[in-house]
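Chains as they are written, first to last, in the numbering used here: chain A, 1 to 122; chain B, 1 to 250.
Hints listed in this document are in silico derivations from the structure and should not be mistaken for laboratory results.
Hints are supplied without guarantee of correctness; some may be wrong.
[What the hints assert, rightly or not] Straight-line distance between alpha carbons at most 25 Å, and here's what the computed BS3-like set of lysine-lysine pairs gives:
1) A:K47 x B:K110
2) A:K51 x A:K32
3) B:K107 x A:K51
4) B:K81 x A:K51
[Unchecked claim] Just so you have them, the derived chain B footprint on chain A, three or more residues with Cβ under 8 Å:
5) 23-31
6) 40-47
7) 108-117
Backbone N, C-alpha and C define an ideal beta-carbon position, used for all residues, glycine too.
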Amino acid sequence: MRLLTHNMLSSNIKGVTNGFPLRIEIEKVVEKPVDFNPEFLRNMFPKIEWKALVNAARSMGYVELPEEVEPSTLYSEDFLHKFHHALLELHLEEGALVCPETGRRFPVSKGIPNMLLHEDEV
Amino acid sequence: MSSRIAQIRLVSSHPEVYEPCDDSFALVDALLADRTNLLQHQPTLCLELGCGSGYVITSLALIVGQAAHYIATDINPHAVKVTRETLEAHGVHAELINTNITSGLEKRLKGLVDVIVVNPPYVPTPEDEVGREGIASAWAGGENGRTVIDRILPVSDNLLSKKGWLYMVTLTENNPLQICLQMREKGYASRILVQRLTEEENLQIIKFWRDSDSQVAEKENKTVPAKVMESFLSQFHIFPFLRGSNNDSS
Numbered sequence: 001m002r003l004l005t006h007n008m009l010s011s012n013i014k015g016v017t018n019g020f021p022l023r024i025e026i027e028k029v030v031e032k033p034v035d036f037n038p039e040f041l042r043n044m045f046p047k048i049e050w051k052a053l054v055n056a057a058r059s060m061g062y063v064e065l066p067e068e069v070e071p072s073t074l075y076s077e078d079f080l081h082k083f084h085h086a087l088l089e090l091h092l093e094e095g096a097l098v099c100p101e102t103g104r105r106f107p108v109s110k111g112i113p114n115m116l117l118h119e120d121e122v
Numbered sequence: 001m002s003s004r005i006a007q008i009r010l011v012s013s014h015p016e017v018y019e020p021c022d023d024s025f026a027l028v029d030a031l032l033a034d035r036t037n038l039l040q041h042q043p044t045l046c047l048e049l050g051c052g053s054g055y056v057i058t059s060l061a062l063i064v065g066q067a068a069h070y071i072a073t074d075i076n077p078h079a080v081k082v083t084r085e086t087l088e089a090h091g092v093h094a095e096l097i098n099t100n101i102t103s104g105l106e107k108r109l110k111g112l113v114d115v116i117v118v119n120p121p122y123v124p125t126p127e128d129e130v131g132r133e134g135i136a137s138a139w140a141g142g143e144n145g146r147t148v149i150d151r152i153l154p155v156s157d158n159l160l161s162k163k164g165w166l167y168m169v170t171l172t173e174n175n176p177l178q179i180c181l182q183m184r185e186k187g188y189a190s191r192i193l194v195q196r197l198t199e200e201e202n203l204q205i206i207k208f209w210r211d212s213d214s215q216v217a218e219k220e221n222k223t224v225p226a227k228v229m230e231s232f233l234s235q236f237h238i239f240p241f242l243r244g245s246n247n248d249s250s
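With the rest of the complex left out, here is chain B (with noise of 0.2 Å):
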């Protein structure tokens, strides 16, 4: 049986809310490349930050059920409103709320989502434009496109339940390497699940997850098993151009 996802005909707008784009469509394969694992994943609360015209929450509620609980949010309040009449239309809910990122979530949520989906505003731009009102907060991502991004990991960390999973947009540019060598710092395993070249953008869907094997190296101050690096840099080697651009200092 084919998966339903979110239509574009559904899809509400609003002239200061993102449409769904390359980036979207790319984050909405990866859930349904990822489904069979999803629906034994049996998640009980999901979360997407910044949900924009509501195409990846709607569809992810689409994808796993209404057994599970949905919350979305967004920093600009046209867009919760979008979200909430594309979700309508598809008849399938979620909790929407209008915040920075989790504001306000933090310390109930705390270890409680087993499932978060963030496409970030992941653009390089300057500063100053990041957190702008209306639809700049959609795209503008500071030095890197990693000023939001980099709010978002501790975040994710401190929400996701112990079988919690993070799937992430992210751009070449952002350097997604060492983004997920980050986040083995902290205990997660990744993959990417999806990287899409489109006329302008080197995408790449990431997904996180805690791994035993990285929480113990961690604990111990050990290395990670070099068979667990080597396998998960080969990511890296089949895609040369996810190293990102930091060869620049040397």
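The shape of chain A in the complex, shown without the other chains (with noise of 0.2 Å):
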């Protein structure tokens, strides 16, 4: 699981309110090389929350990211590669999703997500 997918994943339980972001739970963790590719990264950006994306690379181990992203920063390309290497290469592969609210963990398995709820939290 990329982080760009843990970006866009909230937990999906009746009643939660605050379920982003979600917590990472981390037990194996992958660098998988992906094409650089800056359009694609810009036209990513303003989708991303950006504060989210910090933490969850720092809770991976990577701290390469700035706090703070200024529009012509977006045009840096050593700043390009590092919000690259968060959002695309770095893959949480066996761990967990942890519901910032209720502490209802999704297992992630092989890279996967498993968002399934139980019929008490439909």
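Since each chain comes alone in its own frame, lean on the hints to assemble the complex.
What follows is the structure, given as structure tokens:
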């Protein structure tokens, strides 16, 4: 699971109002190289919750992302490479995503999060 | 240059996962037929709902290329694993999520998805067969095969970007004309890209896109211009069987 996916997932349990971002529990992280595509990154940037990405990357041990991003930064090659690495190349292979409100764990196995709910959570 | 699609011999399988069949082939044929438009569209985010064996999302990734980001969901845990194997065998990537339609994604993906593809469970079945575990979730569609389709339509409307497109498989028994009219009320134009008669099924692949004409009409509470409506309905005149079987009420 890429951190891009983490950035798009919220706790879907009935009644939860503040289900984003999910906390990351790590058992295994893998890195997979992806072709660098600055245009894709600039298109994706406005769709990303930046703070959630910075914290998610940190929890995976990657601390290179800046806290704040100025519009001009989006044309810095150095910044885009860091953004690229955090967004697409770091994978949570085994672990869990945890609902920030209820503590419910959504397991991640072989890189696939299981967001299926129990009957009493729907 | 001919476009690559997923190869059947590289598609992974599992006894509880729906194998690529006529409906999957028709959907991929529609994507191929629309390839030039898809490439010009330059989607950033693409999503498949109910990825099954992974045949369709793999083909979409091969057609559109890895400049886009792909997400695929399935309620069946075996299906997302099989899809991962199919993607890997073709050297392409999609993010997989084991979930019910888009549960967990709706908040953050709202208005962000440029292409949605879906081969829904469209077979008319008793209502209590819908959403069962395993392979039945791939086909059981409830009354008129519409139970899951009718959940998918508003979800898609919510997730599609302003330029977003939806490609969906329907069966004549689903009453595709009524689906298109329902989507028109939400501001979508539609076109049948592929229609296919198999031994057992009459299938359509319908493409939906946001249409300024019908949105204006909706806002001003005006009727859709006669010309637009005429051209839209003409597709159904060509294929009279598409009108569905809703004559029994009269």
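Verification of the supplied hints:
1. A:K47 x B:K110: 10 Å, holds
2. A:K51 x A:K32: With Cα atoms ~23 Å apart, K51 of chain A and K32 of chain A stay inside 25 Å; holds.
3. B:K107 x A:K51: The given pair, whose Cα atoms are some 17 Å apart, holds under the 25 Å limit.
4. B:K81 x A:K51: 31 Å, violated
5. 23-31: Our answer is that it is violated, as 0 residues pass the Cβ test (under 8 Å) against chain B, missing three.
6. 40-47: It holds, with 4 qualifying residues against the three required.
7. 108-117: holds (count 8)
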